[in-house]
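Top to bottom, those sequences are chains A and B. In terms of the UniProt record's numbering, the first sequence opens at residue 1 and continues consecutively. In terms of the UniProt record's numbering, the second sequence opens at residue 1 and continues consecutively.
It cannot be assumed that every hint is accurate.
Since copy identity is lost for identical chains, a pair holds within one copy or between any two.
[To be verified] DSS-like, lysine-lysine: derived pairs with alpha carbons at most 25 Å apart:
#1 LYS182 <-> LYS91
#2 LYS91 <-> LYS304
#3 LYS114 <-> LYS62
#4 LYS134 <-> LYS11
Think of the hints as simulated: they come from the structure by calculation, not from any bench.
2 protein chains.
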Amino acid sequence: MKRITITDVAKMCGVGVTTVSRAINNHPDINEETKSMIMQVIKDNHYIPNNSARNLKRADSKTIAVLIKGITNPFFNQMIKVFEEEIQRKKYSFFLQRVDENQDEIDVAIELEKEKRLKGIVFLGGYFSHSKEKLTQLSVPFVLSTIGMATEFTPSDYSSVSVDDLKESYKIVDYLCNQGHKKIAIIAAPMDDVSIGKLRYDGYKKALEDHGIDLDLQLVRIMKDDIESYTMENGYVVTKELLASKEDCTAIYAISDSLAIGACKAIFETGKKVPEDYSVAGFDGLDIGFYYNPSITTMRQPVKEIAEETIKVLFDLINKKISHTHKIFPAELVVRDSTKSL
Amino acid sequence: MKRITITDVAKMCGVGVTTVSRAINNHPDINEETKSMIMQVIKDNHYIPNNSARNLKRADSKTIAVLIKGITNPFFNQMIKVFEEEIQRKKYSFFLQRVDENQDEIDVAIELEKEKRLKGIVFLGGYFSHSKEKLTQLSVPFVLSTIGMATEFTPSDYSSVSVDDLKESYKIVDYLCNQGHKKIAIIAAPMDDVSIGKLRYDGYKKALEDHGIDLDLQLVRIMKDDIESYTMENGYVVTKELLASKEDCTAIYAISDSLAIGACKAIFETGKKVPEDYSVAGFDGLDIGFYYNPSITTMRQPVKEIAEETIKVLFDLINKKISHTHKIFPAELVVRDSTKSL
Chain A
1 MKRITITDVA KMCGVGVTTV SRAINNHPDI NEETKSMIMQ VIKDNHYIPN
51 NSARNLKRAD SKTIAVLIKG ITNPFFNQMI KVFEEEIQRK KYSFFLQRVD
101 ENQDEIDVAI ELEKEKRLKG IVFLGGYFSH SKEKLTQLSV PFVLSTIGMA
151 TEFTPSDYSS VSVDDLKESY KIVDYLCNQG HKKIAIIAAP MDDVSIGKLR
201 YDGYKKALED HGIDLDLQLV RIMKDDIESY TMENGYVVTK ELLASKEDCT
251 AIYAISDSLA IGACKAIFET GKKVPEDYSV AGFDGLDIGF YYNPSITTMR
301 QPVKEIAEET IKVLFDLINK KISHTHKIFP AELVVRDSTK SL
Chain B
1 MKRITITDVA KMCGVGVTTV SRAINNHPDI NEETKSMIMQ VIKDNHYIPN
51 NSARNLKRAD SKTIAVLIKG ITNPFFNQMI KVFEEEIQRK KYSFFLQRVD
101 ENQDEIDVAI ELEKEKRLKG IVFLGGYFSH SKEKLTQLSV PFVLSTIGMA
151 TEFTPSDYSS VSVDDLKESY KIVDYLCNQG HKKIAIIAAP MDDVSIGKLR
201 YDGYKKALED HGIDLDLQLV RIMKDDIESY TMENGYVVTK ELLASKEDCT
251 AIYAISDSLA IGACKAIFET GKKVPEDYSV AGFDGLDIGF YYNPSITTMR
301 QPVKEIAEET IKVLFDLINK KISHTHKIFP AELVVRDSTK SL
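Isolated chain A, as found in the complex (with noise of 0.2 Å):
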């Protein structure tokens, strides 16, 4: 089916496009009867007014921008789909900017404030270790949605929506210790990351503990700093060593989906099979991990409702309807074929 256009819609009613605009816009300059015209045409040929190109006329003084660390990483692009259609639907326009890993986000933000006349900022992803007074040197309310944070920051400075990714973390563990697995590897963070990495251990160690298992260090393996941290490639070079390094290990839990399908991928080229030689649990709830041969046990992050939750906040903050608040969602433990009990 041919889309129609406006220009469609302006030689459909005879009007000139500046007409069609303006009855969709509910300008004021436009006479009563030519508008209902126009938007009865409009409904019966289904035309779709183009809502990005609307807001960036309308809007400019009135941006949201997303700050995203890691635009590569599939687990973000859900989210960037439902941040625009939130920010649009409150009638601001959006705006994406990606941050290098090695970047100062706050630094970027700075600056776009300046130039974009900003109203609010999302950050997603990546790690968060600035000073409270770094915070504060943004001047417009800013939401954290997906980013796990370390105890070092006092909750009334900020905002922030996530999963309690220590809690969750606990749970897939928990899940692969009650299927009779002892010796569990994880491929996590570097032990200077005080985010979602760091949590994420923190849950491992602690479901070990309370099944009465020491954590054995040879089995903590760490992502390559050369390469994009949570990726598949990450996830494949450390399995590779940890597998050559011939550690006794049954089951791996990888940080992510991404990494866990690279661990999958490193098993396979041994000639070992998931789950038959080693369970594979990830962390994310990827579609992919839906896809995969064997499709991925994951603990699922709701990333629909976390998105939405993130662009609320942002208008309550901006509306000054409510103080730093922080809202916790519940992840979900996926059982699928990558795992299998003892």
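Start from chain A and add chain B according to the hints.
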């Protein structure tokens, strides 16, 4: 390792942040001695200046917009990174705008031109079926990147960088035929597609013809239009229908790797194997094709080269070095484990 910021550098040098910024940006208004001292501190401490922020500040009126259809398509993720790097290297700032599948990208571009005083536009992905009149509404140079164009366009009206989708599609189907496959299903785009979907389908038809195989329309399976196109989900749903129809086939050619992965999942769910029961081939050369089990036979597009050349052509147009040009890169047949000879 804690990243050091511009504020840290300023403290170490005993100067203000503005002075550090002037040193980094080669601002004339700074004492040469102070400047060398600052640059030495920067070097000694491995401080990486925050390019995004710098460019945002400096180049508000020198912006290149990248308009992308299908931001969730992992094929584009790698390209976006290269675009950003190349554009920043030219000291322009980079603006990423998502375009919905049902949006008119030219309308979006026209609005953006006005708002952002753009110097150039990259259209990435999607169909492209605009009239010449429409294209002439764009007043700044633009390049179509990885958008295959059907014949209705005059090459002198636009510039493009892509692979030859018809020829490369031909190659992979030719390969399947040479492996002895005669009943090759295709997961294709809707028949009114005038872009890469049509070209890849035409390559399929031509390869069959050259091998003396009659086109069997029962084996031509169209992506669902109520599911995002070129996705794993679409390939999964279409392949489930194909398998349920009991049409006889030995190979499935999906016109993207994501579709191919969805196809594999559908095959596994019926208890069949890839490639033992069905060979499956994709197109694009996504990373996941390597990590999938079995790894996916595909036509790999030279993503980095295409992205770099796109920016080069765009700047040649901006600097009026060239008139419209069309760069075609070869793709590479990557034979992996998802296909077998009969």
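Hints versus structure:
no.	hint	in the structure
1	LYS182 <-> LYS91	neither (53 Å within a copy, 54 Å between copies)
2	LYS91 <-> LYS304	within (20 Å within a copy, 36 Å between copies)
3	LYS114 <-> LYS62	both (13 Å within a copy, 16 Å between copies)
4	LYS134 <-> LYS11	between (54 Å within a copy, 14 Å between copies)
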